[in-house]
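Trainee: In numbering that gives the first Met the number 0, the protein residues as written are 0 to 228.
Mixed in with the good hints there might be a few duds.
Derived PhoX-like pairs: lysine-lysine, alpha-carbon spacing no greater than 20 Å straight-line [stated by the list, open to error]:
no., residue 1, residue 2
1, K128, K42
2, K115, K73
3, K176, K115
4, K112, K73
5, K1, K57
6, K73, K42
7, K73, K176
Bear in mind the hints are in silico, worked out from the structure with no lab data behind them.
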Amino acid sequence: MKIYIGDDEPQMLKSISERVRVILPDCIVEEFSDSRALLEGLKLSECDLLLLDIDMPKVSGLDIAKQLDLCLEKPLLVFVTSHDELVYDSLTFHPFGFVRKGHIDKELERTLKDCKRELSQREIYFTFKSGGEDIRLKISEMLYFESQGNYLNLYTADQVYRIRNTIAAVEETLSEKGFIRFHRGFLVNQQAVKVLGPEEAQLVTGDIIPIGRSYGEEAKRQLVRYMRK
C-alpha cells in the first residue's frame, strides 16, 4: 500500500508518518509539507491512500480533494483535521473517513485498518498506453512482462500489449500489487504461477519463465510466502 500524507505542520507530519509506519509496517509512506508539492506528487505517481490535512496554506486540503477526480485510480481519502467546523464542507468530496488530531492515538489505527480492508476488496487496475491507445486492465488479467529493448511486452491469457517503458519502472509501480522480478527481463504476476522449480516457473497458461541467479532467492521467498497464505 502506498500512502501519501499532506500536512503543513512539520511535527504533526512527522508524528502521523511515524504512527502509520508502526501500524502498517509494509506500506510505503511519502510525506508532503507543501500542498503544491503534493499535487505534483499525485501527478507523477498515484497512491492508494491519502491522509490529508484540510487546513493547509496556498492550496487547501479541499482544493486538493477537487483534483483527485483527475487521477486514473482515485485514492481513498481520509481528512486529518483539528478544525471540526470544516468537516461539513469536506463531505462533498465523499472522504472515506476522518481523523481528529486531538484524538489521533485512538482514531488513526482504526481508520488505517478500515482503509486496508477496503483496498484489499477492490479490483485493482493497471493503466498504460499501447499502440496509441489508453488501455486499462485488471491486475488479475495480467500474466507477466517481458523486456524487449526499450519496450515491454505485457502478456495476458489471450493478448500481448507492447509498451514503451522499462521493466524497473513498472516493477516499482507493481511490486506492491503482487508482481515479482524473476529475471532481469521478466516481471511476473504471482497469481499466475502454477509450479515453482529451481530454475524456472510454470504459469497457469503453460508458459515457462526463467529464474535468474541474481533474482532467484528473493523471488522464490516472496512466491512461497504468497502460496502459503
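Trainee: Against this structure, judge whether each hint is valid.
Mentor: Structure-based check of all given hints:
| no. | hint | in the structure |
| --- | --- | --- |
| 1 | K128 / K42 | holds (16 Å) |
| 2 | K115 / K73 | holds (15 Å) |
| 3 | K176 / K115 | holds (13 Å) |
| 4 | K112 / K73 | holds (19 Å) |
| 5 | K1 / K57 | violated (25 Å) |
| 6 | K73 / K42 | holds (12 Å) |
| 7 | K73 / K176 | holds (16 Å) |
Of the hints listed earlier, the one the structure fails to meet is number 5.
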